[in-house]
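The listed protein sequences correspond, in order, to chains P and R. Just so we're aligned, residue 1 is where the first sequence starts under this note's numbering, counting upward by one. Just so we're aligned, residue 509 is where the second sequence starts under this note's numbering, counting upward by one.
If you're looking for bench data, these hints aren't it; they were derived computationally from the structure. It should be emphasised that the depicted structure is a prediction, and the values quoted were computed from it without experimental measurement. Ideal Cβ placement from N, Cα and C applies to all residues, glycine included. Careful: at least some of the hints might be erroneous.
Partner residues are not named here, just some residues of chain P that face chain R (Cβ under 10 Å, in silico) [to be verified]: (1) His6; (2) Ser55; (3) Gly105; (4) Asp166; (5) Ala170; (6) Ala396; (7) Val397; (8) Tyr426; (9) Leu476; (10) Leu477.
Distance windows between CB atoms, simulated [claimed, not checked]: (11) P:His6 - R:Gln572: 41 to 49 Å; (12) P:Lys468 - R:Met509: 54 to 62 Å; (13) R:Arg627 - P:Glu198: 44 to 52 Å.
Straight-line distance between alpha carbons at most 20 Å, and here's what the computed EDC-like set of lysine to aspartate or glutamate pairs gives [what the hints assert, rightly or not]: (14) P:Lys100 - P:Glu292; (15) P:Lys468 - P:Asp166; (16) R:Lys568 - P:Glu292; (17) P:Lys165 - P:Asp460; (18) R:Lys568 - P:Asp166.
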Amino acid sequence: MFESWHLLAEGLVAASQPSVLIAIMIGAVIGLFIGALPGLGPTAGVAILLPVAVSFDGTAAIAALGAVYYGAQYGGAVTAILLGIPGDASATMTVIDGHKLARNGKAGAALGLSIAASFIGGLIGLILLTAFATTIAQAAIAFGPIEMTALMIFSLSLVSVLGGKDLNKAMMSLFVGLFIGTIGLDPMVGLPRFDFGEVRLFDGIEFSIIAVGLFGLAEMYATPPSIGKPEENNRFCFRELLPDIRGTLRCWRELGSGSLIGFFIGILPGAGATAATMIAYAFAKRTSKHPERFGNGAMEGVAAPEAANNSAAYGNMIPMFALGIPGSGTTAVLMGGLLMIGLQPGPMLFQTQSAFVWTIFGSFYIGNLALVAITIVLTPVLATCAFVRPSYLFPAVIAIIAFGIFGINNSMFEVVLVIGFGILGYLMMKLDYPPVPLVLGMILGPILERGIRRTLVASDGDMSVFFKSPIALVILLITVVLLVAPWIFQKSQPKPEATIEPDATKVH
Amino acid sequence: MIPLRSFDLGLSAILALLGIYIAWQGTMFGYQDGAVPAAGFFPVWIGAGLTLFSALNLIKVLRQSGLRGTVDRMEVVRVLLVSLALVGFVLMSDVIGMLIASVPLMIAVGCIFGARDRRSLAAISAISVGMAIILYLVFGVVLTIPLL
Numbered sequence: 001m002f003e004s005w006h007l008l009a010e011g012l013v014a015a016s017q018p019s020v021l022i023a024i025m026i027g028a029v030i031g032l033f034i035g036a037l038p039g040l041g042p043t044a045g046v047a048i049l050l051p052v053a054v055s056f057d058g059t060a061a062i063a064a065l066g067a068v069y070y071g072a073q074y075g076g077a078v079t080a081i082l083l084g085i086p087g088d089a090s091a092t093m094t095v096i097d098g099h100k101l102a103r104n105g106k107a108g109a110a111l112g113l114s115i116a117a118s119f120i121g122g123l124i125g126l127i128l129l130t131a132f133a134t135t136i137a138q139a140a141i142a143f144g145p146i147e148m149t150a151l152m153i154f155s156l157s158l159v160s161v162l163g164g165k166d167l168n169k170a171m172m173s174l175f176v177g178l179f180i181g182t183i184g185l186d187p188m189v190g191l192p193r194f195d196f197g198e199v200r201l202f203d204g205i206e207f208s209i210i211a212v213g214l215f216g217l218a219e220m221y222a223t224p225p226s227i228g229k230p231e232e233n234n235r236f237c238f239r240e241l242l243p244d245i246r247g248t249l250r251c252w253r254e255l256g257s258g259s260l261i262g263f264f265i266g267i268l269p270g271a272g273a274t275a276a277t278m279i280a281y282a283f284a285k286r287t288s289k290h291p292e293r294f295g296n297g298a299m300e301g302v303a304a305p306e307a308a309n310n311s312a313a314y315g316n317m318i319p320m321f322a323l324g325i326p327g328s329g330t331t332a333v334l335m336g337g338l339l340m341i342g343l344q345p346g347p348m349l350f351q352t353q354s355a356f357v358w359t360i361f362g363s364f365y366i367g368n369l370a371l372v373a374i375t376i377v378l379t380p381v382l383a384t385c386a387f388v389r390p391s392y393l394f395p396a397v398i399a400i401i402a403f404g405i406f407g408i409n410n411s412m413f414e415v416v417l418v419i420g421f422g423i424l425g426y427l428m429m430k431l432d433y434p435p436v437p438l439v440l441g442m443i444l445g446p447i448l449e450r451g452i453r454r455t456l457v458a459s460d461g462d463m464s465v466f467f468k469s470p471i472a473l474v475i476l477l478i479t480v481v482l483l484v485a486p487w488i489f490q491k492s493q494p495k496p497e498a499t500i501e502p503d504a505t506k507v508h
Numbered sequence: 509m510i511p512l513r514s515f516d517l518g519l520s521a522i523l524a525l526l527g528i529y530i531a532w533q534g535t536m537f538g539y540q541d542g543a544v545p546a547a548g549f550f551p552v553w554i555g556a557g558l559t560l561f562s563a564l565n566l567i568k569v570l571r572q573s574g575l576r577g578t579v580d581r582m583e584v585v586r587v588l589l590v591s592l593a594l595v596g597f598v599l600m601s602d603v604i605g606m607l608i609a610s611v612p613l614m615i616a617v618g619c620i621f622g623a624r625d626r627r628s629l630a631a632i633s634a635i636s637v638g639m640a641i642i643l644y645l646v647f648g649v650v651l652t653i654p655l656l
């Protein structure tokens, strides 16, 4: 455990290099704006910036993409409090009490509290990430190829939780992703597969093309042009924007519980930041001496969800860094970024690329601290973000997408592909096909195929090797339970009139 | 308004056919090489799975004869127009270069998303030119990507 903190200290020093610091700042500012802008969530933001970021040095690229992710958690609260418009789904619970506080002349108190809660939630999340990621990764080092293959099968079975209400559609999405993962040269014998006579498909389809099409373009297509038009007059005088330090300190209990709930919910694949904020809010209300204040402008109602969504962002990264399993849409895109720069997330990453991992973790600490100052300075600008019309914003974003995608291989062929995936993403969004299983299939499919084929080559085609390893057997049994349980629940439960979907089924 | 049911039926049918094609191609690549799996092993299973779940969804949608929601016709038109604008950008880039082609692309996308009065058009034109300069500086100068 002590070694982790020593390595983190080295990572903090490495992350203080000017190139990484600049990447963190750029990522944090972009993340803040993406969080504040209605219509673009953190997944879309990370996906859009992916092709641009990977053009930079590897460490700076991932530091910037990570900063976009956690920066968006800060930004979403500003418009939620000042304007009652959540910039992204995880800021929805903040609207309930945050906007009430703003309308009661306590906008500054709510904003100050949200920044403090975001910082404390982020810090607790980071400390737990530092402690848990290495422990889990060290335990997973014992995994051989058989256990890793079983783990990949388990990861793919996560569609049952990431797939939302229709498991059938989630499975279709997963199989399309697995198919896309097979395009290109066969990993074992080099035979071209599904290249349709196109040499440019020999290397497969770049992950960022899928991510940008499914998350970036599709989200813009589905955004109505009417958003961004001010519906009510939200003006605040300077006095109202001053923070309330005493009120913030009074919320210490909700800040702590929100951070812990957020982190542990964040670890669970498919639960995501929005679910974490709902549970943290409900817990804070249930344990409060004055539950009647919740919904009427309670400071605790801002503290708990804001601490939870920032902490959840780091909890979400544990399965990705330690096991190579993306637990949400955003971490799937981040994992795609790691693969694009030639790194394979998972237990071996901590062994082979230790300096990289700790520099990235160090950059998270720096970014989290920097965001406090950046958010305070940019609050007035962020508040106007909610009124930016898609007709002014989307042309610039689409141009960035076109140039970024072209820049991957200096080819317009990729831009044509992204147009196709944008239409596919829009169709999937409209027809309730979750995009996350597709991304999961595309990322994990090739790893799984290699694992299965190598294991079977080593065992001369004997499938029973998967059941001879106790670890693999347990993982496979959990996989079966995970796949079968939703079918049984679906059959046995009466159809509810309204359900809360886990936010991973959307694009967070 | 366009009913979503027909889209769902169409997509399920296409994916079911795609699944059959993948499985068929998989058998062409070779399912097994002696006792060990060959290049077609994984595609055969993927094709079978995709066909199975697409067929299940097709049956499910066919059985639910009621309305499954609609999508605004203008929204679909917007998606097609933005896609067309991007195709136009790809074609024009070869002729006039990416930077110059990006300006009409951005103006077109702005118009599609509602910037149609004179003031909005002027604003979006200015944004497009400014953005083209930024794109040149970031991609052409900083990242040294050889732009068309």
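Tested hints:
no., hint, in the structure
1, His6, "violated, 35 Å"
2, Ser55, "holds, 5 Å"
3, Gly105, "violated, 34 Å"
4, Asp166, "holds, 8 Å"
5, Ala170, "holds, 9 Å"
6, Ala396, "holds, 5 Å"
7, Val397, "holds, 9 Å"
8, Tyr426, "holds, 5 Å"
9, Leu476, "violated, 16 Å"
10, Leu477, "violated, 21 Å"
11, P:His6 - R:Gln572: 41 to 49 Å, "violated, 60 Å"
12, P:Lys468 - R:Met509: 54 to 62 Å, "holds, 57 Å"
13, R:Arg627 - P:Glu198: 44 to 52 Å, "holds, 45 Å"
14, P:Lys100 - P:Glu292, "holds, 14 Å"
15, P:Lys468 - P:Asp166, "violated, 34 Å"
16, R:Lys568 - P:Glu292, "violated, 45 Å"
17, P:Lys165 - P:Asp460, "violated, 40 Å"
18, R:Lys568 - P:Asp166, "holds, 11 Å"
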